[in-house]
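S.K.: Numbering-wise (numbering that gives the first Met the number 0), the sequence shown opens with residue 0 and increments by one.
You may find that some hints are simply not true.
Mimicking PhoX-like on lysine-lysine, the simulated pairs with C-alpha atoms at most 20 Å apart in a straight line are [claimed, not checked]:
| # | residue 1 | residue 2 |
| --- | --- | --- |
| 1 | Lys34 | Lys11 |
| 2 | Lys33 | Lys11 |
| 3 | Lys11 | Lys35 |
| 4 | Lys22 | Lys11 |
Calculated from the structure, these hints are not laboratory results.
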Amino acid sequence: MKTSTTIPTEMKVLMNHIYELNKGVRQMVLFTCKKKYGEQAVSRLESQGIPYLLQPAGCQNLNVYFGRRECIDAIRLIATRPLNQLTPEEDFILGAMLGYDLCAQCERYSKRKGRCDGRCEEKCYNNI
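Input sequences plus hints: build the corresponding full structure.
M.R.: Printed below as a string of structure tokens:
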């Protein structure tokens, strides 16, 4: 009799992130999953020698930062509290490190600082 093992979606996403990291597509990843998958995620990362940092994300979720050692070392200094408590500057740096769209990060930063007139994105793209 054949038994099939279903891989949870969260773990498939993790494996794709690891693949992209190993191929050089990204240098660092922020992976959020249910806490029940935390041990599996850590096991997978440790088996491949990938540096990581765990951070609770609410009651049921876990943020798993992983990637190049330099990035994780910097994240240890920045992400010392929940993401919604980061300063606008820390939030901007984190987004840039994760490879998020730079113009969107600039707009987000300006809005969080209360200095965006609603045309931040237009200004950013017009100045390229």
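S.K.: Against this structure, judge whether each hint is valid.
M.R.: Evaluated hints:
Note on Lys34 and Lys11: the hinted pairing holds, with a Cα-Cα distance of about 16 Å set against a maximum of 20 Å. Among the hinted pairs, Lys33 with Lys11 is consistent with the structure: their alpha-carbon atoms are about 13 Å apart, no more than 20 Å. Between Lys11 and Lys35, the direct Cα distance comes to roughly 15 Å. Compliance with the 20 Å bound is thereby established for this hinted pair. Using a Cα cut-off of 20 Å, the hinted pair Lys22 and Lys11 holds, with the two alpha carbons roughly 17 Å apart.
In this structure, every one of the numbered hints holds.
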